[in-house]
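**Student:** What follows is the residue order along each chain.
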Amino acid sequence: MTIKVRVPTPLRTFTAGLDEVEAEGATVRDVLAHVEARYPGIQARLLDEKGVRRFVNIFLNEEEDIRFLDGLDTAVRSGDALQIVPAIAGGR
Amino acid sequence: MLSPVPARRLSDITEAVGATPLVRLRQIEKDCPGVELWLKLEYQNPGGSVKDRPALQMMRDAIADGRLTTDKVLIDSTSGNTGVAYSLFGAALGVRVQLVMPSNVSQARKDITRAYGTDLVFSDPMEGSDGAIRLVREMVAGAPERYFYPDQYGNPSNPKAHYLGTGREILEQVGERITHFVAGLGTTGTMMGTTRRLKEHIRPIHCVAVEPADAMHGLEGLKHLASSLVPAIYDPAVPDETLPVTTEDGWDMADRVAREEGLLIGHSAGANVFGALTVARRLERGGCVVTIACDRGDRYFAPMRWEKNHVW
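So the sequence lines, in the order shown, correspond to chains A and B. Take 1 as the starting number for the first sequence in the numbering used here and just add one per residue. Take 93 as the starting number for the second sequence in the numbering used here and just add one per residue.
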């Protein structure tokens with residue numbers, strides 16, 4: 001189950017500048033845990049004790065926010081891609 | 093009911109910029125007994141945000157020295173408020189406006205700017221505001237004679253607007269009482285210009301810059317400078333202190349100010365008030381902290397694509 005995860009600019013300090021990383025997992029939660037194992041520190045920017053942080057959006061295949069699917073339990077299959085997008089752009 | 097201030101008569105809309113009210117936050121103040129908290133309502137500007145000041149100053153200064161003519165297209169990167177201001181004054185002054193913004197800015201911002209006749213170009217949401225800046229630079233480099241690029245991040249007219257306006261007005265409004273000024277860092281124009289004016293005051297005023305606590309944040313309009321293209325107008329020696337504020341603290345304070353003070357402020361303004369209260373809590377009696385309401389919260393109400401079924 002290799003999933004592509006697209007990383008926004010503010011989080012690339014954790015991924016050695018990579019804008020896309022690959023991770024394994026059957027759910028979004030598993031994939032993010034695998035990303036965290038390889039790039040420590042990134043998960044705390046995305047999740048808090050209640051789940052996905054309020055200003056963070058995670059899309060499955062550029063279509064649907066996982067909030068409208070099954071959240072962190074959303075199933076993913078090999079070849080799927082996740083996009084992490086901040087709710088805003090920053091700067092004005 | 094009688095208003096305490098005379099109603100103004102304006103010869104055109106540009107005269108409506110500035111002279112914004114300063115309101116005391118009497119409920120929030122209960123968390124910092126003996127210290128005054130004041131909020132300058134920049135959303136009372138005609139475009140609904142603090143950005144009317146620098147946008148108009150940049151356009152006026154450029155018209156005055158010939159950089160901006162009606163033959164040129166004003167182009168800049170903005171995720172919203174500056175774009176609203178350019179669009180408003182562009183319409184009023186007869187200047188065509190084109191804006192580059194990340195595609196994930198709120199629908200309301202896109203609709204407002206288009207309503208004034210502005211053309212929009214979208215940049216990659218994954219690249220944030222820096223991606224929009226890079227795209228504008230490419231477009232301008234490809235046709236420099238076609239565009240006037242104010243570059244709010246590098247244009248000295250941006251902080252100048254706050255030096256001449258915001259800072260002077262604050263001193264007129266609170267006079268001798270002000271001890272602290274708190275403002276968020278975005279282009280850094282508000283902090284740079286206002287602080288420079290306040291530092292000329294006879295008594296020292298401690299000026300605190302609020303910035304997002306983390307590179308990944310949801311405080312629209314603010315920049316985490318350590319991870320961003322640092323604006324050319326930013327001088328790190330100007331603020332006395334930089335205070336990190338988390339997205340959650342900024343958002344929650346915006347909600348609280350609406351419910352307790354009747355002021356529906358945006359997220360960056362929420363972060364400013366949170367920062368102001370943090371500073372005020374450290375002070376003895378007699379402190380007076382002034383901060384900025386950059387815009388109103390209803391500018392963030394329109395659902396974005398991914399929010400369509402979701403209420404936070």
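The set of hints was computed from the structure by calculation and includes no laboratory data. Quick caveat, the model's predicted, so the values are computed rather than measured. It cannot be assumed that every hint is accurate.
[Stated by the list, open to error] Straight-line distance between alpha carbons at most 20 Å, and here's what the computed DMTMM-like set of lysine to aspartate or glutamate pairs gives:
no.: 1; chain 1: B; residue 1: Lys164; chain 2: B; residue 2: Glu219
no.: 2; chain 1: A; residue 1: Lys50; chain 2: B; residue 2: Asp216
no.: 3; chain 1: B; residue 1: Lys122; chain 2: B; residue 2: Asp104
no.: 4; chain 1: A; residue 1: Lys4; chain 2: B; residue 2: Asp216
no.: 5; chain 1: A; residue 1: Lys4; chain 2: B; residue 2: Glu219
no.: 6; chain 1: A; residue 1: Lys50; chain 2: B; residue 2: Asp341
no.: 7; chain 1: A; residue 1: Lys50; chain 2: B; residue 2: Glu219
no.: 8; chain 1: A; residue 1: Lys50; chain 2: B; residue 2: Asp344
**Student:** Now look at each hint and say whether the structure bears it out.
**Tutor:** These are the hints, each one checked on the structure:
About 28 Å separates the Cα atoms of B:Lys164 and B:Glu219, which puts this hinted pair outside 20 Å; it is violated. Taking the CA atoms of A:Lys50 and B:Asp216, the gap is about 29 Å. The hint is violated against a cut of 20 Å. Using a Cα cut-off of 20 Å, the hinted pair B:Lys122 and B:Asp104 is violated, with the two alpha carbons roughly 41 Å apart. For the given pair, A:Lys4 sits about 18 Å from B:Asp216 by alpha-carbon distance, which is consistent with the 20 Å threshold.
A C-alpha spacing of about 17 Å is found between A:Lys4 and B:Glu219, which places the hinted pair at or below 20 Å, so the restraint holds. Distance restraint check for A:Lys50 and B:Asp341: the Cα-Cα separation of roughly 16 Å lies within the 20 Å cut-off, and the hinted pair is therefore satisfied. A threshold of 20 Å between alpha carbons decides the hint, and for A:Lys50 with B:Glu219 the separation of about 27 Å lies outside it, so the pair is violated. For a cut-off of 20 Å, the pair hint linking A:Lys50 to B:Asp344 stands: about 16 Å separates their Cα positions.
Figure legend: structure checked against the earlier numbered hints; hints not met, in rising order: 1, 2, 3 and 7.
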